[in-house]
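The task is simple: from the sequences and hints, build the whole structure.
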Amino acid sequence: MLPDQLIAISHFYPVLLKGLGITVAVSLIGIIVGGVAGFVLGIGRASRIKPLSVIIGVYTDIFRGTPVLVQLFVVFFILPEAGIELDSFAAGAITLSNIAACFVSEIVASGIRAVPRGQLEAAASSGLSHFQQMRLIVLPQATRMMVPSLVGQFVLLVKDSSVVSAIGLLDLTRSGWVIVQSIPNGLLAFSVIGLGYFAICYPMLYLSRRIEKR
Amino acid sequence: MLLDLNWRVMGETLPLFKAGFLSTLTISAAAFVGALVIGVLACAMSLQTNRLIRGSAVAYIDAIRATPLLAQLYFLYFGLPILGVVMPEIVVGILALSLNSGAYTSEIIRSGIIGIPAGQMEASASSGMTYSQQMRLVILPQALRPMVSPLIGQAIVLVKDSSLLSLISVLELTRAGQTLGTERFMPVEGMLATVIGYLIIYYGLKLTAATWNRLTLAPGSR
Amino acid sequence: MIKFSAVNKWFGANHVLQDINLHVAHGEVVVVCGPSGSGKSTLIRCVNGLEQFQNGSLIVDGTSISDASQLRRLRMELGFVFQQFNLYPHMSALDNVALAPLHVRRLPKAEALARSRAQLERVGLGDKFNALPNQLSGGQQQRVAIARSLCMQPKIMLFDEPTSALDPEMITEVLDVMVQLAKEGMTMIVVTHEMGFARKVADRVVFMDKGQILEVAAPEVFFTNPVNPRAKEFLSKILNH
Numbered sequence: 022m023l024p025d026q027l028i029a030i031s032h033f034y035p036v037l038l039k040g041l042g043i044t045v046a047v048s049l050i051g052i053i054v055g056g057v058a059g060f061v062l063g064i065g066r067a068s069r070i071k072p073l074s075v076i077i078g079v080y081t082d083i084f085r086g087t088p089v090l091v092q093l094f095v096v097f098f099i100l101p102e103a104g105i106e107l108d109s110f111a112a113g114a115i116t117l118s119n120i121a122a123c124f125v126s127e128i129v130a131s132g133i134r135a136v137p138r139g140q141l142e143a144a145a146s147s148g149l150s151h152f153q154q155m156r157l158i159v160l161p162q163a164t165r166m167m168v169p170s171l172v173g174q175f176v177l178l179v180k181d182s183s184v185v186s187a188i189g190l191l192d193l194t195r196s197g198w199v200i201v202q203s204i205p206n207g208l209l210a211f212s213v214i215g216l217g218y219f220a221i222c223y224p225m226l227y228l229s230r231r232i233e234k235r
Numbered sequence: 703m704l705l706d707l708n709w710r711v712m713g714e715t716l717p718l719f720k721a722g723f724l725s726t727l728t729i730s731a732a733a734f735v736g737a738l739v740i741g742v743l744a745c746a747m748s749l750q751t752n753r754l755i756r757g758s759a760v761a762y763i764d765a766i767r768a769t770p771l772l773a774q775l776y777f778l779y780f781g782l783p784i785l786g787v788v789m790p791e792i793v794v795g796i797l798a799l800s801l802n803s804g805a806y807t808s809e810i811i812r813s814g815i816i817g818i819p820a821g822q823m824e825a826s827a828s829s830g831m832t833y834s835q836q837m838r839l840v841i842l843p844q845a846l847r848p849m850v851s852p853l854i855g856q857a858i859v860l861v862k863d864s865s866l867l868s869l870i871s872v873l874e875l876t877r878a879g880q881t882l883g884t885e886r887f888m889p890v891e892g893m894l895a896t897v898i899g900y901l902i903i904y905y906g907l908k909l910t911a912a913t914w915n916r917l918t919l920a921p922g923s924r
Numbered sequence: 201m202i203k204f205s206a207v208n209k210w211f212g213a214n215h216v217l218q219d220i221n222l223h224v225a226h227g228e229v230v231v232v233c234g235p236s237g238s239g240k241s242t243l244i245r246c247v248n249g250l251e252q253f254q255n256g257s258l259i260v261d262g263t264s265i266s267d268a269s270q271l272r273r274l275r276m277e278l279g280f281v282f283q284q285f286n287l288y289p290h291m292s293a294l295d296n297v298a299l300a301p302l303h304v305r306r307l308p309k310a311e312a313l314a315r316s317r318a319q320l321e322r323v324g325l326g327d328k329f330n331a332l333p334n335q336l337s338g339g340q341q342q343r344v345a346i347a348r349s350l351c352m353q354p355k356i357m358l359f360d361e362p363t364s365a366l367d368p369e370m371i372t373e374v375l376d377v378m379v380q381l382a383k384e385g386m387t388m389i390v391v392t393h394e395m396g397f398a399r400k401v402a403d404r405v406v407f408m409d410k411g412q413i414l415e416v417a418a419p420e421v422f423f424t425n426p427v428n429p430r431a432k433e434f435l436s437k438i439l440n441h
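Protein chains in written order, with this note's numbering: chain V, 22 to 235; chain S, 703 to 924; chain D, 201 to 441.
These are computed hints drawn from the structure, not numbers from a lab. Wrong hints could be hidden among the right ones.
[Said to hold, decoys possible] Covered, in the sense of this in silico footprint (three residues per stretch, anywhere, with C-beta under 8 Å from a C-beta of chain V), are these stretches of chain S:
# : stretch
1 : 763–775
2 : 778–784
3 : 869–881
4 : 894–906
For glycine and all other residues, C-beta sits at the position ideal for the given N, C-alpha and C.
Put into structure tokens, the structure is as follows:
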């Protein structure tokens, strides 16, 4: 039985490859757009302008406190009610970018807050403007501290991307689901899927552990 | 759009949401306990000198951390019947959540223990204590306090992850919201109630964490 | 009581203890000194088994330290005071001192606490029973650490640079406790730079450098007329502070 099933799975090679491609594509869009947006949001979150910090804080909190699946459903099923129709890939990309931005903004904000106050005082005392302080002193140090967290965030995003299978997008998880409909061996099908994710995520995890140790 | 919400139907479906909300809480609590058990076990194994035991624990943790929960859930949901194991979906779900969270919990426990300076082990060893006395009297009491905050964080993650069980037909908060959309054609009201439900739990847990921090960081406290 | 015979230890390629031969008799106070990296900490940590060695033998109170089955029993008879105190931060001074007698010697709780109070008074901290380590100064913490070791009624007290982590004004209070102990006849090995202490109570001074014992002499001899050139160099640096 097993050898036959293995042969059958190999026929699904194109499906698996497409699934892998979609997973990588949607995750990359998510981390790039989300990373940039999160960086900007993070600066706003760490700013001394109280209302700005609070509004951004509440916004990111809402998305960090609710399941990604629910957010995906809202984007895919609810936005059409307001007239915005999206295909499953776009819905997935938007949801993932948004959640990435919310998590990244907290990482960026803590990185900025972690720069010792004494340095800002020294910088201000020598006449640097607030903007220059940010650009020359705060952001370079904050960015260095953030790198391991950001790599970790990418891994999380790849894993979160699996929820797009719930709206029918043919990602790696969905291709496993498709396979198991034809080859009723869930262990085999999802072991293959697991290996696929492992191949993407493990190197990233290993990398982030190495960076942290330095 | 907000003003068009069908409050009447929302009121009618309240029992469904209550059931879903309680189900989410129960699932999360059960998985949290499961995760603690698995986490302690995996952590103890990862600290052993025996390479096989330590390697198994590390392999388990790495496999969990590098694959999505949904894939793990489907693995169990579609795979267990093949091994002849038939369980209600909710049990499969709690099992998947426990196994997943257990790996992260084990890392939390591990950092709590490793964070204790080596001098504590040396001092307690020097007065002739056994390993278990050292752990019980000196190391664990110190290690537990910093673990509480990250563990509450894990609980928050578990609550959010429990939403995936809706995909294997378990009735919980997300599924309750979906039902309102598919059976009563009110997706907006459904999702709104769902979001509110999760935020209630989220802020409840955050408040717990904040209270704990306030109580334990107060001066003069142990 | 303590006998090192041809003890050798390597840390990888580093020969950290080279052919150590040393005998410490009952009631003796031996001070071990030397530049950093000389192996003096490693030496004293071998005595209670915190470090192992590859060659040679070390007999403590009649038992080989390499006998794993006897290690715990031996440790009950050895007190060890660390440079970093290593007090248990989650317990009061009283509990820190009473912990081992309670759980290792298995004394009844009342007796363990009574002994603990007595030892804390002995080191001059009778008013600090309920203090937490973070509420005590460095000197006070180290005295609690000494009381903690003494409460087990050990036969031998080992001190690994007990005052090196202290602010200067607190060194005296700790040394006074140690001097008193020496006068009461305790067998002690003390790794330290405090030469005043050595002059007062040491029976012998052992000078180590780069893993070897280079000179062993009575304090007056060592301080006024050291034989070994490296010992001379070391002393001139220490005494010209």
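Against the structure, the hints come out as follows:
1. A count of 10 residues in the stretch 763–775 of chain S with a Cβ less than 8 Å from any Cβ of chain V is obtained; the coverage claim is therefore met, three being the minimum.
2. For the stretch 778–784 of chain S, the assignment as covered by chain V holds, since 6 residues bring a beta-carbon within under 8 Å of that chain's beta-carbons and 3 suffice.
3. Counting residues of the stretch 869–881 of chain S whose C-beta sits closer than 8 Å to any C-beta of chain V gives 4, which meets the bar of three, so the coverage hint holds.
4. Counting residues of the stretch 894–906 of chain S whose C-beta lies closer than 8 Å to any C-beta of chain V gives 6; at least three are required, and the coverage claim holds.
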